[in-house]
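Asks: Make a model of the complete structure from these sequences and hints.
Residue-level listing of the chains:
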Amino acid sequence: MALSTSSNFAKPDDAFRAVVEAHRGLSDEQSADLDAALVLILANHIGDIAVLREAIALAQRRMVDASQQQQQQQ
Amino acid sequence: MAQPSKIQFGYRRHPDQDRAAGDAAHHPVVVVGAGPVGLSLAIDLAQRGQSVVLLDDADRIGEGSRAICFSKRSLEYWDRLGIGQRMVDKGVVWSVGKIFHGASQLYQFNLLPEEGHKRPAFINLQQFHAEAYLVDRVQELAAVDLRWRNKVTGLEQRNDHAVLTVETPDGPYRIQADFVIACDGARSSLRQMVGAEFAGQVFEDQFLIADVKMTAAFPTERWFWFDPPFHAGRSALLHKQPDDIWRIDLQLSRFADPAFEKQPDNVRPRIARMLGHNAFEFEWISLYKFQCRRMDKFVHGRVVFAGDAAHQVSPFGARGANSGLEDAENLAWKLDRILRRASPAALLESYHIERSAAADENIRESTRSTDFMAPNSHQEARLRKAVLSLAKETEFGKRMVNGGRLSVPSVYETPLSSADTEAWHGGPRPGTSMPDAPLVEPSGDCPYLTDAFIKAGKRFTLLAFANGADVEAPDGVGVIRIGGKGGLSDPASLVAARYDAEPGTAYLLRPDGYVAARFRRPTRAALDAALARATGHI
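Protein sequences, first through last, are from chains A and B.
Counting from 1, one number per residue, gives the positions in the first sequence under the working numbering.
Counting from 1, one number per residue, gives the positions in the second sequence under the working numbering.
Hints are computed from structural coordinates only; laboratory data are not their basis.
Treat each hint with caution, since some may be false.
Unchecked claim - In the DMTMM-like style, the derived pairs of lysine to aspartate or glutamate whose C-alpha atoms are separated by at most 20 angstroms in a straight line are: (1) Lys-289/B to Asp-243/B; (2) Lys-392/B to Asp-35/A; (3) Lys-398/B to Asp-48/A.
Replies: Structure representation (structure tokens):
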């Protein structure tokens, strides 16, 4: 199974909102703790190391894009 | 501090030392290093009919308990060397481990949750006891020439042999060998002599080992703590050894001062806090850092490396001594065949392929355990905190907690295996070590399959499940027949279950107890081909 990047939620705004609200009122430190737990829970639910690696690679491309943008601005 | 057992051996001058430098004695195999790996290898080779010279630079068995956990696989190997029962009789048998976080238990695991195996998951036994028993066994074997206070100081490689310079109390002498096996430990001088790199990951965290003597009612289980109340913020391990000795392992800061921390007066309050009392004596204290690394190549011309000389891991997982013993069992039969010219010298390449992959696996596993115990960054620490917290209420969290993954035999992806060509729904695939199971002999005796393997000759062996049309085994191949007239019976059907066997099924086992090939309906031609492949002829 490949990583699905099509839109899987009937109401994507609800999903985004649920994550946002989970972080409301938390310090950065607490937010990072929450995300760490959430990532592990979701990773286990996916239960497929290939899909997890694809998801990590997709997320990591944000880091690359961000550092390229920074370089261009400089 | 009580001193652990010290067994002293005498240096004795050997006639090889009286020969002129240009007329050095020639031996088929010289093993360097009389630790658990070198001793086991020498016994194995001698039992296969080889003469072995075994050199050691000391004249006594090492101090301190050092390695204490010996695996089922190692015990099965020692059974083949005639020394397994003595180890088990003295050792502390265990299979259950418990993981604690803070003051509460997170979970427990059983490393051998089923019946029907001759040997337990593990025994704990001080390394000096194991070495003493191995030396006793060596002394029963005329084919092993064990020379204490013989220190190798020079190596010259020739096309078809190697020449060693050996320093003794009577001065140096030279000795030639078809093969030199370096079992001379993590600081191997032979490794330096061949000029091999030995690079890898260094871990900065320091660990304190204290072996203490006390009477205590803790069960014979491996207990591991993350952040215990008695040692806040770090990890701790408690393990029982024979003779009322307990192994305690405490993680210290990477900035701790080793000279200070090693002082018994400074160790005592740490242990007292853990035990809640002061009624113990120190047997051994050691402070260590560790590295995970291996040599690129385990075979350098006529010198073959085994055990810590070839690879080093962190101690969490009992992968040091046990993997060294797996090296020995893998190497012994191959070297024996090469020396008897029954296999080409290229068979040694399979030793490197199989055991370097096993070393990579052991390094990967023990590095993961170590990183979990000593996270490298704030984010790693945060992920660990999440796992430990999730472990309290979820199954997946428990499974992610890594307090050491204990040694299991590696599965080899190897040119010696013949790939499956038929349908299998279980059982050990080629490249896997043989599972044990209980049997009954026609006489009524109840051996295990591992006993039957020994009785069949510790050689290539056909494990055949009768169907009335027995295939004839190739010359020199032992046979274990299950079922049929005169065969062993499998009353609990555990052999059949563990080998996914039907009538007619046959497994070709290597002399180290690994599966080389398996067949639903073996033909003599298919067996011959599998045997040729497994002996380095294809």
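Asks: Are the hints correct? Go through all of them and say.
Replies: Taking the hints in turn, this is what the structure says about them:
Of the pairs offered as hints, the one joining Lys-289/B and Asp-243/B is violated, with about 27 angstroms between alpha carbons and a cut-off of 20 angstroms exceeded. A C-alpha spacing of about 18 angstroms is found between Lys-392/B and Asp-35/A, which places the hinted pair at or below 20 angstroms, so the restraint holds. The suggested pairing of Lys-398/B with Asp-48/A holds, with an alpha-carbon distance near 18 angstroms, which does not exceed 20 angstroms.
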